[in-house]
Every structure is written in C-alpha cells, then in structure tokens.
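Read in full-length UniProt numbering, the sequence shown has 149 at position 149, and its numbers run on one by one without any break.
Calculated from the structure, these hints are not laboratory results. Possibly wrong hints are sitting among the right ones.
To be verified - Derived DEER-like restraints, expressed as beta-carbon distance ranges:
no.: 1; residue 1: Asn17; residue 2: Gly182; range: 20 to 30 angstroms
no.: 2; residue 1: Lys98; residue 2: Phe149; range: 30 to 40 angstroms
no.: 3; residue 1: Asp102; residue 2: Ser213; range: 31 to 41 angstroms
Because the structure is a prediction, the values reported are computed rather than measured. Quick reminder that beta carbons are idealized off the backbone N, C-alpha and C, glycines included.
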Amino acid sequence: MKPKILSWNVRGLNEINKRLCIKNLLREWRADVVCLQETKLKLVTRKLVRSVWHCPYVDWIYLASNGASGGILVMWDKRVMEKMEEFVGEFSVVVSFKMAEDNFMWAFAGIYGPNADNIRKLLWEEIAGIWSWWDLPWCIGGDFNITRFPSERSRNSQLSPAMTEFSDCIFDLNLVDLPLVGGPFTWSNNQTYSRLDRFLISPDWECHYPEVSQKRLPHLCSDHFPILLDGGGIQGGRHSFKFENMWLKSEAFVNKVRHWWSSYQFHGTPPLLFSQVN
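With the sequences and hints as input, model every part of the structure.
This is the structure in structure tokens:
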C-alpha cells in the first residue's frame, strides 16, 4: 500500500465553498492522510470533518486556532492505518501510525510555522523534541512559513539566518528534502512567489517507500498550492545511498562523518575493503 499524504494551507475552514473545494480535492487525489493548516477554528467537530472528507472511516486530531489565526487539522483513513500515539504542540500535530497492510510503523508531524524569526526558533526546538520521542521513520509536512534558499523566492533575496537555521534543522535531523514536481513555488499573492510548503522525510521512510515523490497540485481556493506526498509503493532489497549537497553547508558535517566512520569495524585487506564500498 503506497500512502498518499496531502498538505494544504487552506486559509480558513469557515466558508462552505472552501470546504466543498477541499472535499472535491480529496475525492480527486484520494489521500490517506490529510493535513490542513490555518484552519482558523477553535473547535473541530465530526460534522465539520465529514463536510471536507466524506469518509465514514476518517479519524482526526487538531490544534485549535489562536483566535482567528492558525490551527492545524490532521485526518486519516482508519482502514489504511491505525493511530498508535498522538501529540499536539504549539506549532505541530503529531501522530504515529501502523499501516494495516504490512504493519509498518511511522510518525507524521503536521506543521504550521510562525512568521517571526525569533518565534521560529521555537519551532525548530519543538521539531527536534518530538523527533527524539519515537524511534520511527518520520514524515514532516506543512507550511513552514520560511524558504530554505533565495532561489525559492521569485524576487531576488539573500541567504538569511532564518534560511540557514531551517537547513541546519533539516541536517541535524538527517531529513531528506525531496524535489518538488509541478512547479518551484507553493505560495503566491499574484505579485511574488515563494516555496513555503514542503514535505521532509527520514531516510528509513524513504527506504520503505523508495519511489516516493512530492508534487505541487493545481492552485485552488487559497493563496497556497496543495502539495501531495505519494509513497509510490514498497520495494524490498538494497537501496543506493543518496548524498545531499546541502550537508556540505553544515560546519558539523565533517565531525559527524568522522564519528560515524570510527563507529564501524572493518576486517580484511585494503583492496577487499575498497571493493565493498558503495
């Protein structure tokens, strides 16, 4: 079973037309997990959930909005996966799942990041904290409200400390930032464009679903594009190592490699060892 995870900053769930738009989107793309950001709702009821996802087997947890701003709703199909544990933080909704088909266990964190740089540091701390709780493959997705690189903005900009901190968080947690298929940006105000939304996965999540891809969906009734993470199926056997160029930007990279290398024991002649390196 290849899980499909849909993430979208919907800019409010109060309007009937907005909920109908989401309902049609879910019907078309048939996601198994749905993460909606900026719900602007203090209370999420079964009636509201059924109005956006007409599935009798849906379950959900949510982070209430702060007044008329914020809020996260994570929903999933109970036929496909079983919820094991859950956590609601200040910027995240976190759930651990067990897949019905093969008992594969993994964790998902739905994110809605703050705009202010000084508060954004609390988001990185929260992500690092929840990451340490469960020794599971991870998938993190949502609206981070920050770009990683100047190229992720349509207007010229420089690499900012906030961008660097985002990349440092990704490196420290050994996350994979997949390419975005379907377009370079996920947000627009019709004048400027940015990539604020993305999925990040751990290497063991990618190992279980090696054909995973991340796609930008068509622009609908929000200034954010929906994005879809498609597991692409399960494949056994060995998988090739993928080097991430952004690792070289971290000052700690060399020390980490030295530590990892020294933790292994090797036996045999140098030519034999070299022939086994992949």
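**Message:** For the hint 31 to 41 angstroms, verify it against the beta carbon of Asp102 and that of Ser213.
**Reply:** 20 angstroms Cβ-Cβ, so the 31 to 41 angstroms window is violated.
**Message:** Against the range 20 to 30 angstroms, how does the distance between the Cβ atoms of Asn17 and Gly182 compare: consistent or not?
**Reply:** At 24 angstroms between Cβs, range holds.
**Asked** Does the Cβ distance between Lys98 and Phe149 fall inside 30 to 40 angstroms?
**Response** 36 angstroms, holds
When each numbered hint is compared with the structure, a violation occurs for hint 3 only.
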